[in-house]
Amino acid sequence: MLKQITVTVNGEQHTLEVEPRLLLVHMIRELLNLTGTHIGCDTSSCGACTILLDGKSVKSCTVLAVQANGKSITTIEGVAKDGQLSPLQEGFKENHGLHCGFCTPGMILRATELLANNPNPTEEEIRWGIAGNLCRCTGYNNIVKAIQYAGAKIRGEELPSTEPEFV
Amino acid sequence: MIPQSFQYESPGTLEEAIQLLHQYGDEAKILSGGHSLIPMMKLRFATPEALIDINNIPGLSYIREEGGKIKIGALTREVDLERSETLAKIFPIFRDATKLIADPQVRNMGTIGGNLAHGDAANDHPAVMMALNATIVATGADGPREIPIDEFFYGFYMTALQHGEILTEIQIPVPPAGTGSAYHKLERKVGDYATAGVAVQLTLGDDGMVKAAGIGLTNVNPTPMRAGRSEAALIGKPLSEESIDEAARLASEDCSPSSDLRGSEEYKRAMVAVLVKRMIHEAANKARQ
Ligand SMILES: Cc1cc2nc3c(=O)[nH]c(=O)nc-3n(C[C@H](O)[C@H](O)[C@H](O)COP(=O)(O)OP(=O)(O)OC[C@H]3O[C@@H](n4cnc5c(N)ncnc54)[C@H](O)[C@@H]3O)c2cc1C
Ligand code: FES
Ligand code: FES
Numbered sequence: 001m002l003k004q005i006t007v008t009v010n011g012e013q014h015t016l017e018v019e020p021r022l023l024l025v026h027m028i029r030e031l032l033n034l035t036g037t038h039i040g041c042d043t044s045s046c047g048a049c050t051i052l053l054d055g056k057s058v059k060s061c062t063v064l065a066v067q068a069n070g071k072s073i074t075t076i077e078g079v080a081k082d083g084q085l086s087p088l089q090e091g092f093k094e095n096h097g098l099h100c101g102f103c104t105p106g107m108i109l110r111a112t113e114l115l116a117n118n119p120n121p122t123e124e125e126i127r128w129g130i131a132g133n134l135c136r137c138t139g140y141n142n143i144v145k146a147i148q149y150a151g152a153k154i155r156g157e158e159l160p161s162t163e164p165e166f167v
Numbered sequence: 001m002i003p004q005s006f007q008y009e010s011p012g013t014l015e016e017a018i019q020l021l022h023q024y025g026d027e028a029k030i031l032s033g034g035h036s037l038i039p040m041m042k043l044r045f046a047t048p049e050a051l052i053d054i055n056n057i058p059g060l061s062y063i064r065e066e067g068g069k070i071k072i073g074a075l076t077r078e079v080d081l082e083r084s085e086t087l088a089k090i091f092p093i094f095r096d097a098t099k100l101i102a103d104p105q106v107r108n109m110g111t112i113g114g115n116l117a118h119g120d121a122a123n124d125h126p127a128v129m130m131a132l133n134a135t136i137v138a139t140g141a142d143g144p145r146e147i148p149i150d151e152f153f154y155g156f157y158m159t160a161l162q163h164g165e166i167l168t169e170i171q172i173p174v175p176p177a178g179t180g181s182a183y184h185k186l187e188r189k190v191g192d193y194a195t196a197g198v199a200v201q202l203t204l205g206d207d208g209m210v211k212a213a214g215i216g217l218t219n220v221n222p223t224p225m226r227a228g229r230s231e232a233a234l235i236g237k238p239l240s241e242e243s244i245d246e247a248a249r250l251a252s253e254d255c256s257p258s259s260d261l262r263g264s265e266e267y268k269r270a271m272v273a274v275l276v277k278r279m280i281h282e283a284a285n286k287a288r289q
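Top line first, the protein sequences correspond to chains A and B.
In this text, residue positions in the first sequence follow full-length UniProt numbering: the first is 1, and each later residue adds one.
In this text, residue positions in the second sequence follow full-length UniProt numbering: the first is 1, and each later residue adds one.
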């Protein structure tokens with residue numbers, strides 16, 4: 001039996017008829033055509049499908065679309081504002097925080113919540129904070145730098161050097 | 001992977017949820033955080049015909065101190081346990097344990113009620129609840145009833161919850177001064193289930209005698225396990241290297257781990273002994289502070 005749900009995605013309200021078994025990630029990718037949210041493992045391990053649900057980062061491969069009824073969702077497509085990259089997007093770009101880019105949308109949404117809760121995290125807090133997001137390319141060091149860069153930008157401090165780190 | 005079709009209900013009150021559980025019978029399952037249930041449904045290990053989503057029932061998420069007990073609502077998420085100052089003060093073990101449960105995204109969804117109701121010996125809260133001597137409150141058509149934690153876990157994925165009952169609250173006695181608690185699990189990587197995990201709560205008297213001890217073990221037994229003989233080896237004696245060694249040895253003998261990808265039975269028994277020792281020391285250090 002189809003269920004009617006109303007969700008606000010990146011500020012825009014949608015009313016959809018969905019099967020209760022429809023996964024949120026499939027709703028986002030296939031019904032709303034927002035394909036920036038990736039499916040990596042499909043088993044809640046890799047974090048590629050991370051989105052914000054009412055501001056909290058969750059793995060959308062392990063949430064049902066019906067559970068998002070009445071809630072607001074942010075995907076990577078909604079992160080930049082008025083054509084301006086978000087501090088995190090800028091941080092990833094400036095610090096070589098991505099190679100293939102597959103993990104990047106999930107990393108950025110996860111780090112968005114991390115910085116919202118703690119704008120000045122230590123390196124250790126950042127590494128624990130992205131423990132649910134796998135990256136097979138970068139070796140993480142430049143992702144950590146990207147998040148530190150974004151934190152500094154949000155705090156209005158001098159931006160750290162963006163010399164890439166090769167290890 | 002997509003779950004099999006099911007009916008979805010999201011009641012707004014506990015009474016309505018219990019009534020729906022009765023209406024759908026055995027084929028209905030409760031949905032809390034969904035982070036054990038949905039993965040199982042995607043793999044079709046679970047194929048419920050109806051999901052009763054309790055997330056829209058107000059008043060099931062709280063942490064409060066009342067009548068000498070800490071009361072935790074079943075829908076309280078891991079992230080709220082992790083951040084709670086009330087818990088951090090009385091039960092440092094919660095910070096130890098929640099930090100090691102999965103990852104931040106999973107902790108944003110997973111609930112303590114679901115973690116216990118799942119009845120999985122690999123989950124971390126069961127051993128913690130044993131160490132803390134928790135009581136589970138289950139609410140059914142006849143109202144709430146209390147289940148001591150030692151009578152809660154029955155078998156593989158089986159608990160004392162009856163059909164039509166909802167786990168609504170966890171109650172933990174606030175321990176006297178001189179109490180400390182600690183949890184650690186050995187894991188292959190961040191977010192993994194335990195190779196072995198140990199929860200300890202100790203109460204020390206002014207004379208240095210162990211007045212009370214609670215020790216729970218994670219993932220080294222078919223069901224979550226209390227290391228009863230290890231507790232007895234500590235209680236009523238001053239804490240010494242000998243009694244700690246004895247408690248560690250007894251726990252590693254009494255558990256019943258299986259050899260699997262996380263390690264051989266022998267290795268897991270050895271790790272139980274190491275962790276029991278370390279957690280006793282850590283709990284004792286906190287008790288003395
Ligand atoms: C990648 C990953 C890693 C994980 N790692 C860990 C880990 O290291 N340690 C750990 O402890 N857990 C781990 N988990 C499990 C996670 O903590 C789950 O959230 C938890 O086990 C179940 O809680 P839930 O609220 O998600 O319950 P759900 O998945 O919604 O429910 C689980 C079961 O309990 C029943 N149930 C739920 N709530 C109630 C209730 N109130 N009354 C009666 N029955 C109920 C459901 O019907 C279902 O059968 C992991 C999960 C994932 C996806
Ligand atoms: S696709 Fe969801 S966590 Fe990997
Ligand atoms: S940039 Fe390729 S997986 Fe992270």
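Calculated directly from the structure, the hints in this document are not laboratory data.
The structure displayed is predicted, hence computed values, not measured ones.
Yeah, the Cβ is synthetic: ideal placement off N, Cα and C, and Gly gets one too.
Mixed in with the good hints, there may be bad ones.
Listed below are the simulated EDC-like cross-link pairs for lysine to aspartate or glutamate, each with C-alpha atoms no more than 16 Å apart in a straight line [to be verified]:
1) K42/B - D42/A
2) K29/B - D53/B
3) K56/A - D80/B
4) K277/B - E241/B
5) K99/B - D192/B
6) K69/B - E146/B
7) K56/A - E242/B
8) K71/A - E12/A
9) K99/B - E125/A
10) K71/B - E146/B
11) K42/B - E90/A
12) K93/A - E163/A
13) K286/B - E49/B
14) K153/A - E77/A
15) K237/B - E266/B
16) K277/B - E242/B
17) K99/B - E124/A
18) K3/A - D192/B
19) K99/B - D80/B
20) K56/A - D42/A
21) K29/B - E49/B
Now the stretches of chain A that chain B is said to cover, found in silico as 3 or more residues with beta-carbon under 8 Å [said to hold, decoys possible]:
22) 32 to 44
23) 58 to 71
24) 76 to 82
Verification of the hints:
Distance restraint check for K42/B and D42/A: the Cα-Cα separation of roughly 9 Å lies within the 16 Å cut-off, and the hinted pair is therefore satisfied. Using a Cα cut-off of 16 Å, the hinted pair K29/B and D53/B holds, with the two alpha carbons roughly 9 Å apart. For the hint pairing K56/A with D80/B, the CA-to-CA distance comes to about 12 Å; that is within 16 Å, so the pair holds. Simply put, K277/B and E241/B have alpha-carbon atoms about 9 Å apart, close enough for the 16 Å limit, and the pair holds.
Pair hint K99/B plus D192/B holds up; C-alpha atoms about 12 Å apart against a cutoff of 16 Å. Using a Cα cut-off of 16 Å, the hinted pair K69/B and E146/B holds, with the two alpha carbons roughly 14 Å apart. For a cut-off of 16 Å, the pair hint linking K56/A to E242/B is broken: about 48 Å separates their Cα positions. A threshold of 16 Å between alpha carbons decides the hint, and for K71/A with E12/A the separation of about 12 Å falls inside it, so the pair holds.
For the suggested pair K99/B and E125/A, the alpha carbons sit about 11 Å apart, so the restraint of at most 16 Å is met. For the hint pairing K71/B with E146/B, the CA-to-CA distance comes to about 13 Å; that is within 16 Å, so the pair holds. For the hint linking K42/B to E90/A, the alpha-carbon distance of about 36 Å lies beyond 16 Å, and the restraint is violated. For a cut-off of 16 Å, the pair hint linking K93/A to E163/A stands: about 12 Å separates their Cα positions.
With a C-alpha separation of about 48 Å, the suggested pairing of K286/B with E49/B is violated against the 16 Å cut-off. With a CA separation close to 21 Å, the supplied pair K153/A and E77/A exceeds the 16 Å bound. The suggested pairing of K237/B with E266/B is violated, with an alpha-carbon distance near 30 Å, which exceeds 16 Å. Under the criterion of a C-alpha separation no larger than 16 Å, the hint pairing K277/B with E242/B is consistent with the structure, at around 11 Å.
Between K99/B and E124/A the CA atoms are separated by roughly 13 Å; this keeps the pair inside 16 Å, and the hint holds. For the hint linking K3/A to D192/B, the alpha-carbon distance of about 35 Å lies beyond 16 Å, and the restraint is violated. The hinted pair formed by K99/B and D80/B meets the criterion: a straight-line CA distance of about 12 Å does not exceed 16 Å. For the hint pairing K56/A with D42/A, the CA-to-CA distance comes to about 19 Å; that exceeds 16 Å, so the pair is violated.
Distance check on the hinted pair: K29/B and E49/B sit about 8 Å apart at the alpha-carbon level, within 16 Å; holds. Note: the segment 32 to 44 of chain A has 3 residues with beta-carbon separation from chain B under 8 Å; the three-residue rule is met and the coverage holds. For a cut-off of 8 Å, the count of residues in the segment 58 to 71 of chain A with a CB near a CB of chain B stands at 8, and the three-residue condition holds. Closer than 8 Å: that is the beta-carbon criterion, and the segment 76 to 82 of chain A has 0 residues meeting it against chain B, so the requirement of 3 is violated.
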